[in-house]
Amino acid sequence: MALVIALFFRSLVFVFSKYAALETTNTGLITILTSHWYWAELLALSMQAVFWAYALKRLTLNIAYPFMSMIYSVNLTWAWYLFDETITPYHLTGCLLIIIGVLIASLPQRTST
Amino acid sequence: MQNTPHYIALFVAILITIMSQVLLKYSTKKYSSSLNKLAFLSFALLGIVTILIVYALQAVPLKSFIALNSLSFVIMPFAAFIFLGEKLKKRSVVAAFLISTGIIVFLNAD
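Chains as they are written, first to last, in our numbering: chain X, 1 to 113; chain E, 1001 to 1110.
There are no misleading hints in this set.
The list that follows gives simulated cross-link-like pairs (lysine-lysine, DSS-like), each with its CA atoms no further than 27 Å apart: (1) K1087(E) x K1030(E); (2) K1087(E) x K1029(E); (3) K1030(E) x K57(X); (4) K1029(E) x K1090(E); (5) K57(X) x K1037(E); (6) K57(X) x K1089(E); (7) K1089(E) x K1029(E); (8) K57(X) x K1087(E); (9) K57(X) x K1090(E); (10) K57(X) x K1029(E); (11) K1030(E) x K1089(E).
If you're looking for bench data, these hints aren't it; they were derived computationally from the structure.
Turn these sequences into a full structure, and let the hints guide you.
Pasting the structure below:
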């Protein structure tokens, strides 16, 4: 459950980052630091970090980390819905391959009895 | 060419993210409390990553950023093997290959 919550906050990090990027294009570093979208990104990242650290106590990194890539299908939807980026079947195919790779990495280990 | 610094920032962010995750996992083994100095260092590194991400996204489309960010899942099992001594499973290698292929297909769609 902690991993799922971490995944949700992780997806928000990318959305808030893009809003901050759009707001601060062609401006300096200081402008990034003063953007409210940047601080929203930090808040989401903080929440993700808390739940991520809790999840890592119970899972090995090579299982927990690949699971997080499931959010990329969600963020692909955000890219299309919020930022009007064109998504083609090739993008979906690439995303599917990434998710399949994640699932293979996340499958539980069989133990012999 | 003018977007090259933004893509470089993206790759640096990926490498720092991996370092941060390895450090965080190591801290859970070394300390009983989740709030320890190594964990704080890990979070500090992620703070740097947040700025790099915003800078990268000024030129990189979000969809491309998402695909390229998946490189961290390709590299992470090997980093865990090298720095944490975690077993490198065959399925991790297969997964890394599939994820890499997915990234290539994704980026060639543009």
